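J.: Chain residues, written in single-letter form:
There are 2 protein chains.
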Amino acid sequence: MTFDSPPRFPQGFRCASRNCGIKKTGRDLSLFVSDVDAAAAAIFTRNQFPGAPVVLGRETIRGGALRAIVVNSRVSNVATGTEGLANARRMAAAAAAEVGTNAGRVLVSSTGVIGVPLPIEKIEDGVRGMMADLVADPLAGAEGIMTTDTHPKAISTSVGDATITIIAKGSGMIEPDMATMLAYIFTDATLPAPTLDRMLRDAAFLSFNMLSVDTDTSTSDTCVIMANGLAGRVDEGAFGDALQAACIRMTEILARDGEGATKLLRVTVRGAATVEDARRVAKSLVNSPLIKTMAHGADPNVGRILMAIGKCFDVSIDHDSVLASINGIPVVENGMRATFEDARVRETLAADVVDLEVDLGAGTAEATAYGCDLTAGYVEENAAYYSS
Amino acid sequence: MTFDSPPRFPQGFRCASRNCGIKKTGRDLSLFVSDVDAAAAAIFTRNQFPGAPVVLGRETIRGGALRAIVVNSRVSNVATGTEGLANARRMAAAAAAEVGTNAGRVLVSSTGVIGVPLPIEKIEDGVRGMMADLVADPLAGAEGIMTTDTHPKAISTSVGDATITIIAKGSGMIEPDMATMLAYIFTDATLPAPTLDRMLRDAAFLSFNMLSVDTDTSTSDTCVIMANGLAGRVDEGAFGDALQAACIRMTEILARDGEGATKLLRVTVRGAATVEDARRVAKSLVNSPLIKTMAHGADPNVGRILMAIGKCFDVSIDHDSVLASINGIPVVENGMRATFEDARVRETLAADVVDLEVDLGAGTAEATAYGCDLTAGYVEENAAYYSS
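Chains as they are written, first to last, in our numbering: chain Y, 1314 to 1701; chain W, 1314 to 1701.
Calculated directly from the structure, the hints in this document are not laboratory data. Keep in mind it's a predicted model, so treat the numbers as computed, not measured. One or more of the hints may lead you astray.
Counterexamples of contact, computed for chain W against chain Y with all Cβ distances above 12 Å [said to hold, decoys possible]:
(1) G1334
(2) D1348
(3) V1349
(4) A1410
(5) D1438
(6) T1470
(7) D1548
(8) G1553
(9) D1554
(10) K1605
(11) E1693
Partial list, derived from the structure: chain Y residues whose beta carbon lies under 10 Å from chain W [unchecked claim]:
(12) G1428
(13) D1450
(14) L1452
(15) D1529
(16) T1606
(17) L1687
(18) A1696
All C-beta atoms in this analysis are idealised placements derived from N, C-alpha and C, irrespective of residue type, glycine included.
Work the whole structure out from these sequences, hints included.
T.: What follows is the structure, given as structure tokens:
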């Protein structure tokens, strides 16, 4: 699987972003538009306090078709009650008027601080005229949806004549369990909404739902796919594979840019009795503060690996045949510390990616989880983050 | 409930500690002795890679009686295979010879680095002659069991004519789920082993099992109670209450001394449909990195509270009647941000204890969890911690 550099849009998709005055500086409003109606599917956060855009989005996506997505950053419109929902509807209506469609064809997202009223007038004023700014550069739209992200995130790849493009944001409050923070997927392939829905859920199962920066599930997670059909039919199997690979790549990009992160932590668990066991142990390792600080501190700590496996109380483990390796170097054999050169492991740990591989010796199922190291930067960012 | 200052031992208990050469400096070996055999009960970690002392301890405690506890710090004797278990037995035998009892009456604990052979000769040499050092000061024994603890931990209180004393350690790799890192409870009350066992489990359910510094369950958690009967019979109800209060107090002390912590974070959840729901939400809040950094950063962040409640997907919540307060000041009402003065909340957050109270509006069950703030100090300590 190769990704385009720079990323590009499928046929018939464009976007724009600008500053509408919610952030003091920097873009805070993005519009993504298809030239024609697109089949669409979406998944949302399972958090029990979903934001108003998520509540509205669940209603909107029932139609199975979208023309545009409008997103603001800095204020999430969560815990804002009936007024919040009314504001989300006004945001959809304003974008629909600008695009020339109806509000039921516009998906709304908001990301940022929770519990603050949405400055809806700024958004209504801001969206006016954005159609004139539309460009074919996905990074332009990616910029307007950033919060604590250190860079805009967009990738694209080809499947037959079609293109898949993912634009996403996300950096903290990330253990989606249903979708990532915000991920918008665009394709010009022809695919009906129910197929898109199934493919999106399958891909998210292996990608965004295996991502965790800090175990904290946001109230705004949204992952949407739009397929406008301008490139015609594609092989469904190939499309599904490409979508999955692209979602995994974007998951790695999001993990690597986790708040304060200096490296990607990728944990693969094999030899599990069930996929559920493999996912649970992989998540346990990727979420353990002691594994995360180890990845940061670059000190190969075998005990912490065994601890984080062993604290999954109900998972089947063949204790005497457990294996583990750090960046390909065996550090646990037969459930005990292997003989290895500390210095060699420490050397590989200095890399940008830490690959932890574990075999539970209890079966054939496997799973991979994606996270990042835990640093003083995470603490500083979140101890200081403007919140009220 | 009042606690003695300084803490003291029940009748017939004494302890000693010394440096036997495992740590470069500082005490690394402690011995706790009762003048007579004591009824005893214990609970251990549920981690699937328990240390050799835990494996041996489960066997020892079946006898229902103990005369002594011997503990070394810095090396945990975990993931050390059959040689590790043999070393744990040698450690029990050496202490038994010194005390003048048999090895089946001695409980062994080790705490520290995982996966390193126990320096058993140093311990065997070190324990020789320790009976001559025995003193009636619990803090002397508490010193020898410390790892990253910043101070020795011991408390005592009275029940009728009897005394309850708890000596404990624990600072990182703490979400016990069965016991705390290491907690030794001594009393001169007369109580049979099965009663002690039940009382210990009841008390741990509300105290040590509701403690989390970093969600990481150690492979060495051990909590033991010894009752030597020298003070005679006590009222069982009063004893159980006192034991519970003392365990909760020690839990708070352990949480406050969590690695890098600057304050105790205490989360009480009320109005839950079940105790299990209340415990789950309390743990979710106390473990959330975004709540922990908020407590550290002293910025009242209502959104993070709702997020951490809402990510308990399967818990019953009456969303529109959820309440939350920070140090007594209402910050959430009817599931939405309440009107409050940021500055006033920020002022109370500067205190040594942050009390978060939540009402789910779904029933009458409640639970309290104990943790600490997340600081750059935790990251530094664990990114640097000697590990191999």
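J.: Indicate, hint by hint, whether the structure satisfies it.
T.: Verification of the hints:
1. G1334: 21 Å, holds
2. D1348: The assertion about W:D1348 holds, with a minimum of 37 Å to chain Y.
3. V1349: 37 Å, holds
4. A1410: The assertion about W:A1410 holds, with a minimum of 29 Å to chain Y.
5. D1438: 25 Å, holds
6. T1470: Its Cβ never comes within 12 Å of chain Y, the nearest being 32 Å, so this holds.
7. D1548: 36 Å, holds
8. G1553: Per Cβ check, W:G1553 is outside 12 Å of chain Y; nearest 27 Å; holds.
9. D1554: For W:D1554, whose nearest Cβ neighbour in chain Y is about 30 Å away, the distance exceeds 12 Å, so it holds.
10. K1605: 9 Å, violated
11. E1693: Since the minimum Cβ distance to chain Y is about 7 Å, W:E1693 lies within 12 Å and the statement is violated.
12. G1428: Holds, about 4 Å.
13. D1450: 32 Å, violated
14. L1452: Violated. Min distance 28 Å.
15. D1529: Because about 5 Å separates Y:D1529 from the closest Cβ in chain W, which is inside the 10 Å limit, the hint holds.
16. T1606: 4 Å, holds
17. L1687: It holds, given that the least Cβ distance between Y:L1687 and chain W is near 6 Å, below 10 Å.
18. A1696: 3 Å, holds
Comparing the model with each earlier hint shows violations of hints 10, 11, 13 and 14; every other hint is respected.
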